[in-house]
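2 protein chains.
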Amino acid sequence: MKDSPNDLYRKLLEGDRRAAARLITMVENADPQARQALEMLHRHSGGGHIVGMTGSPGSGKSTLTCRLARHYRDEDRTVGIICVDPSSPFTGGALLGDRVRMQELSGDPGVFIRSMGSRGALGGLSVATNDVINILDAFGKDVIIVETVGAGQVEIEVVKYAHTCIVVTMPGGGDEIQAIKAGILEIGDIFVVNKSDRDGAPRAVADLEMMLETKPGIDEEAWKPPVISTVALSGEGVGELADAIAAHRAFLVQSGLMEEKTVQRMKAELLEILKVRVSRAAENALDEDEVGAGLIGRMSAREIDPHSAADEIVEYLFGAPDSNPGGHQAAQVWKADNSQGRDNE
Amino acid sequence: MKDSPNDLYRKLLEGDRRAAARLITMVENADPQARQALEMLHRHSGGGHIVGMTGSPGSGKSTLTCRLARHYRDEDRTVGIICVDPSSPFTGGALLGDRVRMQELSGDPGVFIRSMGSRGALGGLSVATNDVINILDAFGKDVIIVETVGAGQVEIEVVKYAHTCIVVTMPGGGDEIQAIKAGILEIGDIFVVNKSDRDGAPRAVADLEMMLETKPGIDEEAWKPPVISTVALSGEGVGELADAIAAHRAFLVQSGLMEEKTVQRMKAELLEILKVRVSRAAENALDEDEVGAGLIGRMSAREIDPHSAADEIVEYLFGAPDSNPGGHQAAQVWKADNSQGRDNE
Numbered sequence: 010m011k012d013s014p015n016d017l018y019r020k021l022l023e024g025d026r027r028a029a030a031r032l033i034t035m036v037e038n039a040d041p042q043a044r045q046a047l048e049m050l051h052r053h054s055g056g057g058h059i060v061g062m063t064g065s066p067g068s069g070k071s072t073l074t075c076r077l078a079r080h081y082r083d084e085d086r087t088v089g090i091i092c093v094d095p096s097s098p099f100t101g102g103a104l105l106g107d108r109v110r111m112q113e114l115s116g117d118p119g120v121f122i123r124s125m126g127s128r129g130a131l132g133g134l135s136v137a138t139n140d141v142i143n144i145l146d147a148f149g150k151d152v153i154i155v156e157t158v159g160a161g162q163v164e165i166e167v168v169k170y171a172h173t174c175i176v177v178t179m180p181g182g183g184d185e186i187q188a189i190k191a192g193i194l195e196i197g198d199i200f201v202v203n204k205s206d207r208d209g210a211p212r213a214v215a216d217l218e219m220m221l222e223t224k225p226g227i228d229e230e231a232w233k234p235p236v237i238s239t240v241a242l243s244g245e246g247v248g249e250l251a252d253a254i255a256a257h258r259a260f261l262v263q264s265g266l267m268e269e270k271t272v273q274r275m276k277a278e279l280l281e282i283l284k285v286r287v288s289r290a291a292e293n294a295l296d297e298d299e300v301g302a303g304l305i306g307r308m309s310a311r312e313i314d315p316h317s318a319a320d321e322i323v324e325y326l327f328g329a330p331d332s333n334p335g336g337h338q339a340a341q342v343w344k345a346d347n348s349q350g351r352d353n354e
Numbered sequence: 010m011k012d013s014p015n016d017l018y019r020k021l022l023e024g025d026r027r028a029a030a031r032l033i034t035m036v037e038n039a040d041p042q043a044r045q046a047l048e049m050l051h052r053h054s055g056g057g058h059i060v061g062m063t064g065s066p067g068s069g070k071s072t073l074t075c076r077l078a079r080h081y082r083d084e085d086r087t088v089g090i091i092c093v094d095p096s097s098p099f100t101g102g103a104l105l106g107d108r109v110r111m112q113e114l115s116g117d118p119g120v121f122i123r124s125m126g127s128r129g130a131l132g133g134l135s136v137a138t139n140d141v142i143n144i145l146d147a148f149g150k151d152v153i154i155v156e157t158v159g160a161g162q163v164e165i166e167v168v169k170y171a172h173t174c175i176v177v178t179m180p181g182g183g184d185e186i187q188a189i190k191a192g193i194l195e196i197g198d199i200f201v202v203n204k205s206d207r208d209g210a211p212r213a214v215a216d217l218e219m220m221l222e223t224k225p226g227i228d229e230e231a232w233k234p235p236v237i238s239t240v241a242l243s244g245e246g247v248g249e250l251a252d253a254i255a256a257h258r259a260f261l262v263q264s265g266l267m268e269e270k271t272v273q274r275m276k277a278e279l280l281e282i283l284k285v286r287v288s289r290a291a292e293n294a295l296d297e298d299e300v301g302a303g304l305i306g307r308m309s310a311r312e313i314d315p316h317s318a319a320d321e322i323v324e325y326l327f328g329a330p331d332s333n334p335g336g337h338q339a340a341q342v343w344k345a346d347n348s349q350g351r352d353n354e
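One line per chain: the protein sequences are A and B, in this order. So that you can map any letter, position 342 of the first sequence is 351 in the numbering used here, and since no number is skipped, the others follow by simple counting. So that you can map any letter, position 295 of the second sequence is 304 in the numbering used here, and since no number is skipped, the others follow by simple counting.
One chain only, chain A, in its complex shape (with noise of 0.2 Å):
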C-alpha cells in the first residue's frame, strides 16, 4: 500500500529509513505527492551541514567521501551521502558499481546514501538532487555529503550552493589544474590534493595555493580555501579536512554568510525549478497541439527566428501582455525583448 504524503511525513520524523528511501524514489519519479510531503518537512529541515564535493574524474572523490564519513560516524554524527552522476541511468537507491567501500558504510544505520543518476531527471536532475538534500536534513542527518562524479554544470550547480563546497584534485600534470580552472575555481571553500603520496603532490599544492591568491575579489575578512593534501585510500590527511570543514562552517556562522548561503540555495532551487516548468511547458505547447505544430513547421522552413518563435511560445502560454490583468510588470520583462526590438523598425 502507498503511504500518504502525511504518513511519510510523520514516519521520516520518527527516523524510519524506509520512508526516507520511498519519498526520495517518489521524488525522482516527480510524483505530486511528493511535493506535499516536501512542503511539511521543509520547516523541520536546516539543520544538517550540506558537504559538496567535486573534481576530475579519477581524482577519488568517492573513497575520500567514505574515509570522511566513517570520520564523522567515530565522533558520532550521522551521515547522508548523496552520489550525483548526470551521464548514469542507474539509480534508485543502490550504489554505483564501483563503489565498493561504500557498502561498508550501508550497513551503517546512522549513515544513509543515496545514488541519483538520469532517471532523477524527470523534474530536473538539480531539482531531484535538491529534494532529497532537504529530506535527508529534515531526516536528521548532520552532515550530508553531496558527492558528484564529474564536473560538469549540472555537478556544478548542485554542489556550488553547498555550506561548504570541496574541490579534489591529484597530483599530475597541468591538465589537471586546467580542469579545475574552468569555472570551479570559484566555489571551492576548501581544495584538496587527493592521492598526495604520488610524485609531483608538493608542485599541485604550489599551483593551487598560487591559483588562488591570485584570486580576483578577496577581501581580508573573506574565508581564505585552504589547500589540502590527503592520500584517502590510508585515511591520511581526512581528519584535517574534517577540521577545515568545521573551520568553514564556523566561519559561516560567525560572519552571518551562513544566513545568506541558506537564502541563495533556495533561490537557486526556485529558479532550478521555473526553468524546469517553462520548458516543460514549451515543450508540451511545441510537441502536442496545432499551433506548436505550425511553430515548428514555420521554423524549419527559417520563416521564424527561434527569438520571435520564443515570444510566440510566451505570448501563446501566458497571453499577451495587456490581456493578462493578474499578472505583474516584471513579467512584461520577458515579453518585452519583442516590443524593444521592434521599435525601431
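Source of the hints: derived by calculation from the structure; they are not laboratory data. What you are looking at is a predicted structure, and each value in this text was computed from that prediction instead of being measured. Treat the hints with care, since some could be wrong.
No distinction is drawn between identical chains; accordingly, a pair holds when it is met within one copy or between any pair of copies.
[Stated by the list, open to error] Distance condition first, Cα-Cα at most 25 Å in a straight line; then the derived SDA-like pairs of lysine to any residue:
1. 11 / 39
2. 276 / 39
3. 270 / 301
4. 169 / 66
5. 169 / 301
6. 270 / 258
7. 169 / 126
8. 169 / 288
9. 270 / 311
10. 276 / 289
11. 270 / 306
12. 276 / 288
13. 276 / 296
14. 276 / 49
15. 270 / 321
16. 169 / 296
Take the given structure of chain A and dock chain B to it, following the hints.
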C-alpha cells in the same frame, strides 16, 4: 556612429567583416537592436555546415580546429570558428592567449574567428553562441566550427545540436575515457584520438570502438560513429577527419535527418531563450520589489519551501490561472503542481 539593424543586415550580406563583428558584440551585450538584425538575417542562414568540437582539456582541440580550417581553405571553402570558453571573462573578438596558431588564420579573409567567454553570458552563453552561429551562417561561411574549451554542460549544450559533433580525446589512461563517458558518448558523431603518435594510441582507439559498439539503441540504418587517429601538430589524419565530416553530412541529407537536426537545434535554442527569460523575470521580481523581498524573508525563515515559492512567483508574474483568459491550457501545466499537490490534503 552606430549602425541601424538594417544597415548591419545589409552590410553583413555584402560580406562586411566589421559589420559581422559589431553585430556579434551587440549580441554579447544583449542589445535589443541585435534582435532585429537576427530576425532579418534568419532566412539567409541554413547554408553552413555546423561542426561542434568538444573533448577533454589538453586533447588538442584548438590545434585540430586550425588544421581543419586550413584544410577547408585549401579547398577554397570559407570557415567560421567560434571558441566557447565559459570560464573566461575574456572575449570580444580577440583570441585566447595561447592560440597562436589561430592568429595565422586570422589574416585570411575567408576565415572569421570569434571567442566567446563569460562576458557573452549577459543573455546566456548558450543563447549568445547560437546567435553567433546563425550570424556566421547568414554571413555565408561554408563550415562553422564551434570549439569548446572544456566538456562542461554549457559546452555540451552548445555542440549537441551541431550538424556534426566531434569528440576529441588522446591516448593516456582511463581517466580520459572516463571523462568522455560522462554524457558525451551519446552526442559524438565522430570520435578523434588526437596526439596519436603517443604511446597507447591503438589502445585508446580500441577502447573507444568497444564503447561505441556497446552503445544502446543503435539500429542498422543509424550512423556508426568512426574513430579517427590524428596528430594535429603535423596535420596527420586531418584529411581523413574532413572526409568523415563530409560523409556524415551526406548521411544526414540522404536519411532526411538533416531537416530534423535543424528543427531540433531551433527548438533547443528556443527553450534556452525561454529559460534565460524566465530566470531573469524571476530574479528581477525577487531582488527588486516588495513581494519578492517578502518571499525571500519567508524562505529565510523556512516558512515556505522552494516549490511553493516557485508557485507564488509564477502566480505573481503571470497571474492566477483563472485570471488569465488569454493564456493557454499548456500554461496551466507549470502552475498545476500546486493544485495537484493539494488535492489530497
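Status of each hint after checking the structure:
1. 11 / 39: Result: close within a single copy only, 15 Å intra versus 50 Å inter.
2. 276 / 39: both (20 Å within a copy, 24 Å between copies)
3. 270 / 301: between (40 Å within a copy, 17 Å between copies)
4. 169 / 66: both (18 Å within a copy, 22 Å between copies)
5. 169 / 301: The answer is between: 23 Å across copies meets 25 Å, while 36 Å in one copy does not.
6. 270 / 258: within (11 Å within a copy, 48 Å between copies)
7. 169 / 126: both (18 Å within a copy, 20 Å between copies)
8. 169 / 288: For residue 169 and residue 288, both the intra-copy (23 Å) and inter-copy (17 Å) Cα distances are at most 25 Å.
9. 270 / 311: between (45 Å within a copy, 13 Å between copies)
10. 276 / 289: both (20 Å within a copy, 12 Å between copies)
11. 270 / 306: Only across copies: residue 270 and residue 306 sit 13 Å apart there, 45 Å inside one copy, limit 25 Å.
12. 276 / 288: both (18 Å within a copy, 11 Å between copies)
13. 276 / 296: between (30 Å within a copy, 10 Å between copies)
14. 276 / 49: Within. Shortest intra-copy distance 19 Å satisfies the 25 Å Cα cut-off; inter-copy 37 Å does not.
15. 270 / 321: between (37 Å within a copy, 22 Å between copies)
16. 169 / 296: between (33 Å within a copy, 20 Å between copies)
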